[in-house]
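Peer 1: Chains as they are written, first to last, in the numbering used here: chain W, 1 to 116; chain H, 117 to 230.
Treat the hints with caution; some may be incorrect.
One side only, chain H facing chain W, incomplete, derived with CB under 10 Å [as the list claims (entries may be wrong)]:
| hint | residue |
| --- | --- |
| 1 | Y148 |
| 2 | Y152 |
| 3 | P160 |
| 4 | G215 |
No lab work stands behind these hints, which were simulated from the structure alone. All C-beta atoms, glycine included, are put in the ideal place defined by N, C-alpha and C.
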Amino acid sequence: GAVVSQHPSWVICKSGTSVKIECRSLDFQATTMFWYRQFPKQSLMLMATSNEGSKATYEQGVEKDKFLINHASLTLSTLTVTSAHPEDSSFYICSGLAGEGRETQYFGPGTRLLVL
Amino acid sequence: GESVGLHLPTLSVQEGDNSIINCAYSNSASDYFIWYKQESGKGPQFIIDIRSNMDKRQGQRVTVLLNKTVKHLSLQIAATQPGDSAVYFCAENMGGAAGNKLTFGGGTRVLVKP
Chain W
1 GAVVSQHPSW
11 VICKSGTSVK
21 IECRSLDFQA
31 TTMFWYRQFP
41 KQSLMLMATS
51 NEGSKATYEQ
61 GVEKDKFLIN
71 HASLTLSTLT
81 VTSAHPEDSS
91 FYICSGLAGE
101 GRETQYFGPG
111 TRLLVL
Chain H
117 GESVGLHLPT
127 LSVQEGDNSI
137 INCAYSNSAS
147 DYFIWYKQES
157 GKGPQFIIDI
167 RSNMDKRQGQ
177 RVTVLLNKTV
187 KHLSLQIAAT
197 QPGDSAVYFC
207 AENMGGAAGN
217 KLTFGGGTRV
227 LVKP
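Take these sequences, add in the hints, and give me the full structure.
Peer 2: This is how it looks when you write it as structure tokens:
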């Protein structure tokens, strides 16, 4: 149980364009989802907490106007990277809270973003 | 601030041998810990978890040990297989009041030699 999917799995875009990444909980309802980015050979860095029906909570240093998060349903959160630049190239991973007590994060497969 | 760290960045192990991955944490109030496995190009995969009221928990070929006295976690993998090659992260759940955010360790890469 607790399966999370992401779409797309990889995307290449031109600098200045916007890219939307979807995160879906397939077999559970996720009132809370998290968005991370990960650089090569590094640990995961939390970007924001996405709450269904309310505004996302961003970590310090993460630009909320650049990384737009929408959590409109109990099974879908989206991350839109607006006006992407090469430095936004990274591996983006989402997770949802599930399990007994809804305190365990289960992760999606990740989305590789390359901005040219 | 609180952090979760690892002692060894890379662990090479012979196929069939047991692996031990270590992790230190600094927040003595933490009560929930999780080990994740991340293969190249994939998201982290839940392996096993443990609460602070336990000192040992076993899964399929994996065992997590928790020593609260020295704030130390370890993950033991029995009869390591090539498919176990990955980066392993320990994570500390910061609790419901913190929105169940996780603090991750830096990761340990396990390389299984045939």
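Peer 1: Could you run down the list of hints and mark each one as holding or not?
Peer 2: Taking the hints in turn, this is what the structure says about them:
no.	hint	verdict
1	Y148	6 Å, holds
2	Y152	7 Å, holds
3	P160	5 Å, holds
4	G215	6 Å, holds
Checked against the numbered hints given earlier, the structure satisfies every one of them.
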